[in-house]
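Student: Sequence:
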Amino acid sequence: MTPSQETALENLAAPAWARRPTNLATAVTAELVERIVRGVHPSGTALPPEPVLCETFSVSRTVVREAVKILQEKGLVQVRQGAGTMVTPASMWDMLDELVLGATIAEDDSLAILDDLVVTRRLLESDMANVAARVADQETLDRLRALVDRMDELVGDHVTYHEHDRAFHDLIMQASGNRIARGVVRALESQVVNTARYMGRTERSLCVASNRGHRRIYERIAAHDPEGAAAAMFTHITEAWVVRRSGSGKPARLQR
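Numbering (numbering that gives the first Met the number 0), first residue to last: 0 to 255.
Honestly, I wouldn't trust all of these hints.
[As the list claims (entries may be wrong)] Using C-beta positions, here's what the derived DEER-type ranges look like:
hint, residue 1, residue 2, range
1, 192, 141, 40 to 48 Å
2, 80, 156, 55 to 63 Å
3, 189, 106, 13 to 21 Å
Just so you know, these hints were derived from the structure itself, not from any lab. Note that CB positions come from ideal geometry on N, CA and C, so glycine has one too.
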């Protein structure tokens, strides 16, 4: 091992695995994603060479190569002949990837990435509400009304309330028929739905205010008012997030 490799090995801490994972390549990939996002391996620098990574993670070259290949697919690294495996700029990362998004959210104390997530969700859901107001049948309207009425009864139980909240939004997305937009929203929310920083404050009064927004959305969809439904969804998502994140003490940077 060369002196530079020895130095790299000293600076690369072993992973804090309680036991050896069954899928080593997946585990190594997850650890490297977190380290890249945290800046342990900054953009524009090379990952440690294969022998160093093998030594660090106590795995074979085959495992390391598979992990690097997965990192390439996620947009986090590029293999350059003569330069090694280079960490790419954050603008090239696949932010819909579960590991990348989860690690980025965990590292972002400013909540800016959550602001971006909400802006994306708001754009897609407003459009889907617009479509739902044009195509929703009576069965869908009845189910939406039942969810809104039930949430009025659940405002004191924020856990069950939020389960119904998600069901309400998902029903509108299903009604729109836009499977791609629904898939994007569901993928984004799956990473944050159980995190305190996204859910924020949960007191009863906030659930009451939230459900007023749901009822306005339902009423506009039931009236077959596409523009009104889109506007109600836009306002609801904006106001709900601004309130939820208010406990952080950091100003929202939502684009209006």
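Student: For every hint, state whether the structure bears it out.
Tutor: Hint by hint, here is what the structure shows:
| no. | hint | result |
| --- | --- | --- |
| 1 | 192 - 141: 40 to 48 Å | 26 Å, violated |
| 2 | 80 - 156: 55 to 63 Å | 59 Å, holds |
| 3 | 189 - 106: 13 to 21 Å | 18 Å, holds |
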